[in-house]
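**Q** Here is what each chain is made of, one letter per residue.
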Amino acid sequence: MAPNQHVLLSPAELAYLHEALSLTPPIRPDGRAPTQFRPLVAETEILPGTNGSARICFADGTEAIVGVKAEVERTRGYHGDDEEEGGEEKREQEREGQDEWVELTVEIPGYREDDASTAFLAAMLSEALLADGGFAKKLWINRRFHWKLFLDIILISPPLSYPLPLLSLTTHLALLSTRLPRLKSEGDEDPFFDDDWAAAPYLYPQGTATTRPPITLLVMAVGRNIIFDPTKEELAVADVVLAVSVGEAATDASSTKGKGKAPGRSLRLLSVRTVDPPSRVTPPGVPNATNSAYGIAASAQKQPEARTVEAQAVEGVWRAPRGGAKPAVMAALVQKVLERGGVADEVLDALDAVELG
Amino acid sequence: MATSAPQTALAIPGQLLGSASKYQPGPGTHIHESNLYSSLLGAVHVVQPAKAPGPVKRLTKITPAASPAELPTISVSRSGVSEKREILPEVGNTVLCRVVRIMPRQAVVAILICGDTVLDAEWQGLIRVQDVRATEKDRVKIYESFRPGDIVRAEVISLGDQASYYLSTARNELGVIMATSEAGNTMYPVSWKEYRDPETGLGEPRKVAKPY
Amino acid sequence: MPITITAPKAVRPSYAAADNASDDSDSDASSDNGAADLEGDIPMASSRRKEDKSYSIVTPGEVITDDPQWMRGHGTFVSPSTSAIVSSVAGTITRTNKLLSVRPLRARYTPEVGDLVVGRIVEVQAKRWRVDVGASQLASLPLSAINLPGGILRKRTETDELQIRTFFAEGDLLVAEVQQLFSDGGAVLHTRSLKYGKLRNGVFVAVSGMGGGSGVVRSRRQVWTMEAANGAGPLDIVLGVNGFVWISKHVETPEALIAETKSATTGITNLEESVSTTMYSSQNDRIGVETMREISRIRGVVTALVENGLRVDEDMLVRGYHEAVEMAMLGEGPDDIYLGGERGEQLAAALTGV
Amino acid sequence: MADRRRVNGPVGATIPPVFEDEDVQVQATQRTTRSRAPNGIRKMYLKTGVTPSASGSAYLEIETSGKDGVSGLKLSCTVHGPRSLPRLSPFSPHIILSTHVKFAPFATKQRRGYLRDPSERDLGTHLEAALRGAIIADRWPKSGVDIIISIIEGDQGRETSGAQGDDTWDMMNALSGCITVASAALADAGIDCVDTVAGGVAALVRGSGENDTARIVIDPIPSEHERIEAACCIAYLPARDEITNLWFKGDMPDHDMGIYSELVQQGIQASKLANRVLVESLGETVK
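Chains as they are written, first to last, in this note's numbering: chain A, 1 to 357; chain B, 1 to 212; chain C, 1 to 354; chain D, 1 to 287.
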C-alpha cells in the first residue's frame with residue numbers, strides 16, 4: 001500500500017485526466033510541460049543541532065525536512081591484535097564501509113513507522129544512497145571506529161502527493177550540507193576531533209570533480225507520454241510509475257574518453273523500482289449503454305447490479321488498467337531520465353545552484 | 001438450456017481462447033486487444049446460444065443485452081479442476097444461509113451455499129424487514145420470521161452496502177427450511193408461518209419456505 | 001527549465017497588512033490600556049477594509065476589547081472573570097454595529113442553508129450518501145433528495161434503494177445545495193433541480209473556501225458559462241462555496257434544452273425523461289484538445305489566485321483568465337498554459353495592480 | 001519497531017559463529033564457480049495445492065548450488081480468499097490484495113525475528129506490485145485476498161559472511177521466487193488473472209580475475225561470483241509481453257544503457273523460463 005493509495009476520484013474525472021494526458025503533447029491539469037517540475041522552495045542548514053539539514057516545500061504546502069546526525073561508533077568485528085605495520089597505502093585500501101553504518105528513517109504523518117509504504121520509501125532512498133558502495137566508505141574513521149550516520153527524513157505536511165521525489169531532493173541537499181568534525185587523532189587510537197565547526201570538512205567535498213548524493217525521480221507513463229513529477233491526480237491514471245535513482249560519478253577522464261560529446265555530468269543509474277500505480281484500484285465508469293440509471297429503461301431493467309460484464313473499452317468511460325507495461329515503455333522512461341542534458345541533469349544543476357547555509 | 005459443445009481441454013490464465021468476434025466472453029475469460037483469453041485455471045466450455053428463450057423461469061445469468069446474441073459463449077470454469085471454487089453471490093442467485101443475529105429491522109445471515117456451490121468464505125447477508133415476504137409487509141416482525149441458527153433459502157436482490165448482500169425471502173419457495181426449537185429439537189413445518197417441535201408439540205412462528 | 005528551486009522569501013508581499021498587525025499586537029502587549037487603543041483601531045480597521053487594503057489580525061487569547069458596549073460574536077468569547085472580549089481564533093476582526101466577531105484566517109467550511117457546494121461521495125449507505133464537502137463533518141444526501149431518472153416526479157421505489165450505487169457511487173463528484181443544517185453543524189444536501197447533479201467532462205480543483213480573503217467567497221453567481229479563448233467553445237464553471245471548484249466543457253443545461261424543445265414539440269414529461277437520462281452518466285462526451293487546454297488554463301488561474309492570496313469569484317476568475325490568455329499571447333514560443341510559480345505571481349500582480 | 005505483543009529475547013545480540021577451521025578457509029578462497037550456462041536457470045520444483053485448508057497454495061523449491069551446507073530456496077505460499085472484507089472496511093469495487101512475506105527465523109544465516117522487518121515489508125510491497133498487475137481485480141468486488149509467503153530456507157551458504165553486501169542480491173532471488181510461487185497459488189485459488197506472472201533475475205557479474213570482463217548471467221547465485229555489479233528482478237507476463245514489476249539495483253554509468261537494456265532482456269528471459277515450469281506444473285495439477 002503506497003501512500004497514494006486512497007485517491008478518490010470519480011470515473012468521469014479519471015477518464016478526462018487519462019484522455020488529456022494521452023494527447024500529444026499531453027495537457028496536464030496544472031498546465032505544466034511533461035518534464036516540468038513543480039516549483040520548489042529550498043534552504044539548507046536550518047537545524048543547528050545537526051551535522052547537516054535541509055528543507056524543501058512545494059507551493060501547495062507539502063513540506064519535508066531532513067536532519068543528518070553523525071555519531072562515533074566502535075566498528076564491530078575488529079580484531080585488535082593484528083600487529084602488522086601497514087603504512088598509509090595499506091590503510092587506504094582498508095577503508096571500507098558497511099551498509100549498516102547508515103540508518104535512514106522516513107516518517108510520514110498518518111502512517112505507522114512500520115507501515116509497508118514507509119518501509120518501501122526508506123528502502124528506496126537508502127538503496128540509492130548505498131548502491132555504489134562508496135558512500136559508507138566516507139564514514140570510516142580508522143580501523144576501530146567509524147561514523148554512524150542517522151538520516152531522519154520527515155514529511156511535515158500530510159502527503160498531498162507521492163512524497164518520494166520531495167524526500168529524495170531534500171535528502172540530497174541535507175547530505176550536501178553535511179559536515180563531519182575534522183579528525184585530529186592519528187592511526188587507530190581513540191578518535192578525537194577539532195571542535196572548530198568552521199574547519200569541519202563537508203561529507204561531499206565542495207567543488208566540481210566530485211561525487212554527489214543520489215537523487216530519486218518519479219516518472220510515469222500514460223499512453224506514449226512520459227511525465228515527470230506527477231501529482232496525485234496524474235498518478236491515478238498512470239499506466240506505469242517508476243522511481244529512478246541517479247547518482248553522479250566523479251568526472252574523471254576515463255568516463256568521457258572516446259566520446260566526442262561535450263563534457264557533461266557523468267550520471268550513473270543506481271536503482272529502478274516500479275511503484276504500484278494507484279490507477280489499478282480506481283472505480284470503473286459505467287458506459288451509458290449499460291447504465292441502469294441511464295434513461296427510462298432503468299425501471300424496466302430486472303437486474304440493476306449484475307456483475308460487470310466483460311466488454312470492450314468504450315470511449316469516455318474509465319476502466320482501470322490491467323496488466324503491466326511493455327518493456328519498451330519501461331526502457332524509454334529510464335532513458336528519458338538519464339539522457340544527456342535530460343531531466344536528471346537539469347535537476348542536479350538546479351540543486352547545485354542552491355546555496356549552502 | 002443450451003447444450004455444451006465440444007469440451008476442450010484445460011486452459012491456464014493468459015491462454016488465448018479465440019477472437020472476440022467469434023465468441024462472447026463468459027465467466028473466467030477476459031478481453032485483451034480484441035482477443036479472448038482465459039483468466040482462470042480450468043476447463044474450457046463453449047455454450048451455443050439458446051435458439052429460443054424457452055420456458056426458463058429462473059433468472060439466468062446476465063448476458064450483454066447487445067444484439068450479437070448469436071455468438072457462442074466461451075467460458076472457463078473451475079469445476080473438475082478443483083472441488084474448491086469460490087464464487088461471489090450475484091443478484092438473482094438463490095442462496096442458503098444461516099441466521100446469525102436478529103434485530104428489529106433486519107436479520108443478519110451468513111451465506112453458506114450460493115446456487116449449487118458450497119462457499120469457502122463466509123459472506124454476510126442482510127434480510128431487511130420489508131424483504132421478508134411479499135404481502136402485508138408492514139406487519140412483518142423479524143422475530144416471528146427468523147431465529148438465530150435457522151437455515152434460510154433466500155434470493156440475492158442487491159450487492160448491498162460495504163459489508164452485506166441484501167437478500168429477500170419474499171416468495172413462497174423462499175424462507176426458513178430448517179429450524180430448531182427452543183427445546184433444541186429439529187422442527188417440521190406445519191403451515192406457511194409455523195414450525196412445530198415434534199417432541200414438545202409447541203409451535204414457533206417462522207417465515208416458512210414452501211417445500212418443493 | 002524543467003525545475004525551479006528558489007530560496008524562501010521572508011514575507012509574502014501580497015497582503016502588506018503584516019506591519020499593521022504587528023503594530024497592533026505590540027501596542028497590546030506593551031501598554032495596559034491597549035484596549036483603548038484598540039477601540040480606536042476597530043473603526044479604523046474597518047474603514048481600511050472598505051478600501052480593501054488591509055486587515056488587523058488577532059490571535060487566540062488576545063483581548064479584543066474590555067469595553068462592555070460591544071457584543072461578542074463568532075470567533076470570540078468572554079472570559080469568566082472579566083468582561084473583556086477575547087478572540088478564540090486567529091483571524092480578522094469584523095464589526096457589525098455593536099457586534100464583534102473574528103473571521104478565521106484558515107477554517108474549514110461551515111455550511112449554511114442555500115449554499116451551492118461541490119462535493120464528493122465518500123460513502124454509500126442504505127438510503128443516503130455521505131458527501132465530503134470540506135466541512136468538519138460529512139454532509140448527507142438522502143436518496144429522497146435527488147431527482148430520479150425517468151421523470152422528476154417519479155415516486156421513489158424500493159428498487160431505487162437497492163440500486164442506490166448506480167446513481168452516485170464512491171468517488172463521484174456532484175453539485176448540490178445545502179438544504180438543511182443540523183444543530184451539530186452537519187449539512188443535508190439536495191440535488192432536486194436540473195442544474196444540480198453528477199459532474200463530468202471536466203476537472204476538479206479544491207482550494208480553501210471562506211478563508212481570510214483568499215479562496216472562494218460567497219458571491220452573486222457561483223455557476224456560470226463563459227466563452228473560452230482559442231476557439232475552445234463555452235466552458236461551465238462551478239465555484240462551490242466550500243472551495244471546491246469544477247471546470248468543465250459546457251453541456252447544454254437540461255433546463256435550456258427543455259425550454260428549447262418545449263416550444264417545438266409535445267408533452268413535457270417525455271422531454272424531462274429524455275433530459276434526465278444523462279443525469280447519472282459517468283461517460284464523458286468527446287472533448288476537443290483546445291477545450292482541454294483552456295480548462296487547464298482556468299484551473300491554473302484558480303490555483304494562482306489562491307497561492308497569491310486573492311479571492312476566487314466570477315469577476316476575478318474571468319479577469320484572471322483574460323489576463324492569462326494575454327500573457328500567453330505576449331510570451332514567446334508556443335502557447336504556455338502553465339501558471340505556477342513566477343507566472344502565477346505575475347498574473348496576480350497584473351490583477352491587483354488594476 | 002518494537003514487538004508490542006510479547007516479551008522477546010534480546011534483539012541483535014547474537015553474532016553468528018565464524019568458523020575458522022581449515023576446510024572453510026579452503027572453501028572460502030575457492031569460490032564455487034558457476035557451472036550452468038549464463039542463460040540457464042537452476043532447476044526448480046513447483047507444486048500447487050499443498051495446503052488443503054487454504055483456498056490456494058503452492059510450494060517452490062530451487063535446486064541447491066550443489067555445495068555442502070548451502071541450501072536452495074524453499075518457499076511456501078498460501079492464498080486465503082476471496083473472502084469478505086472486515087466489517088468496518090469501506091466499500092471496494094475491487095478485490096483488496098494484501099501480501100505478507102516472511103523469512104522463517106532459521107531461513108538465513110543471521111537469525112530473523114518473528115516480526116516482519118523492513119526488508120520483508122519491502123519484499124511484500126514489491127510482490128504486491130507484481131501481482132496487482134496480473135489479477136483482474138474488478139471480478140471480485142467487496143472482497144479481499146491474503147497472500148502469505150513463508151521463506152522456509154533462504155538461498156544462503158553457511159560460510160558466506162553477512163557483510164559481503166550480498167543481501168540485496170539474495171533478496172532479488174527471493175523476490176523472483178515469491179512472484180512465481182504466488183502466481184501458482186493464485187491460479188490454484190481460482191482468482192482471475194490476465195496471465196501467469198513469473199519472476200526472473202539477471203545480473204551483471206565480474207569474475208575474480210583482473211581482466212575479467214563483466215558478463216550477464218541469469219538466476220545468479222551471489223556466492224558464485226566475485227562481484228555483482230548490477231542486477232534486476234523482473235515480473236513478466238509472457239502472453240501479453242508486459243512487465244508488472246521491475247527492480248533494478250546497481251551502479252551503471254549512463255553510457256552503458258545498452259547493458260541495462262540487455263540486463264532487463266535477460267531478466268525477462270529468466271522469467272520466461274520460470275514461467276515454463278509454472279505452466280507445466282499448473283497443467284499437471286488438473287490431471
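What the hints contain is simulated information worked out from the structure, not anything from laboratory work.
Here the structure is a predicted model, which means the values were calculated and not measured.
A virtual CB, placed ideally from N, CA and C, is assigned to each residue, including glycine.
Hints may contain errors.
To be verified - Quick list of the computed label-pair ranges, beta carbon to beta carbon:
hint: 1; chain 1: B; residue 1: 31; chain 2: D; residue 2: 284; range: 24 to 30 angstroms
hint: 2; chain 1: B; residue 1: 172; chain 2: C; residue 2: 184; range: 43 to 49 angstroms
hint: 3; chain 1: D; residue 1: 152; chain 2: B; residue 2: 21; range: 55 to 61 angstroms
hint: 4; chain 1: A; residue 1: 353; chain 2: C; residue 2: 288; range: 55 to 61 angstroms
hint: 5; chain 1: A; residue 1: 200; chain 2: C; residue 2: 329; range: 52 to 58 angstroms
hint: 6; chain 1: C; residue 1: 288; chain 2: A; residue 2: 314; range: 48 to 54 angstroms
hint: 7; chain 1: C; residue 1: 123; chain 2: A; residue 2: 100; range: 56 to 62 angstroms
hint: 8; chain 1: A; residue 1: 74; chain 2: D; residue 2: 104; range: 40 to 46 angstroms
hint: 9; chain 1: C; residue 1: 144; chain 2: A; residue 2: 156; range: 53 to 59 angstroms
hint: 10; chain 1: C; residue 1: 329; chain 2: A; residue 2: 313; range: 33 to 39 angstroms
**Q** With reference to the structure, classify each hint as holding or not holding.
**A** Results of checking the hints against the structure:
1. B:31 - D:284: 24 to 30 angstroms: This hint holds: roughly 28 angstroms between Cβ atoms.
2. B:172 - C:184: 43 to 49 angstroms: Holds, at about 47 angstroms.
3. D:152 - B:21: 55 to 61 angstroms: Violated, at about 48 angstroms.
4. A:353 - C:288: 55 to 61 angstroms: For residue 288 of chain C against residue 353 of chain A, whose Cβ atoms are near 40 angstroms apart, the range 55 to 61 angstroms is violated.
5. A:200 - C:329: 52 to 58 angstroms: holds (53 angstroms)
6. C:288 - A:314: 48 to 54 angstroms: Violated, at about 19 angstroms.
7. C:123 - A:100: 56 to 62 angstroms: violated (46 angstroms)
8. A:74 - D:104: 40 to 46 angstroms: At roughly 32 angstroms between Cβ atoms, residue 104 of chain D and residue 74 of chain A fall outside 40 to 46 angstroms, so the hint is violated.
9. C:144 - A:156: 53 to 59 angstroms: violated (44 angstroms)
10. C:329 - A:313: 33 to 39 angstroms: The hinted range 33 to 39 angstroms holds for residue 329 of chain C and residue 313 of chain A, with Cβ atoms some 38 angstroms apart.
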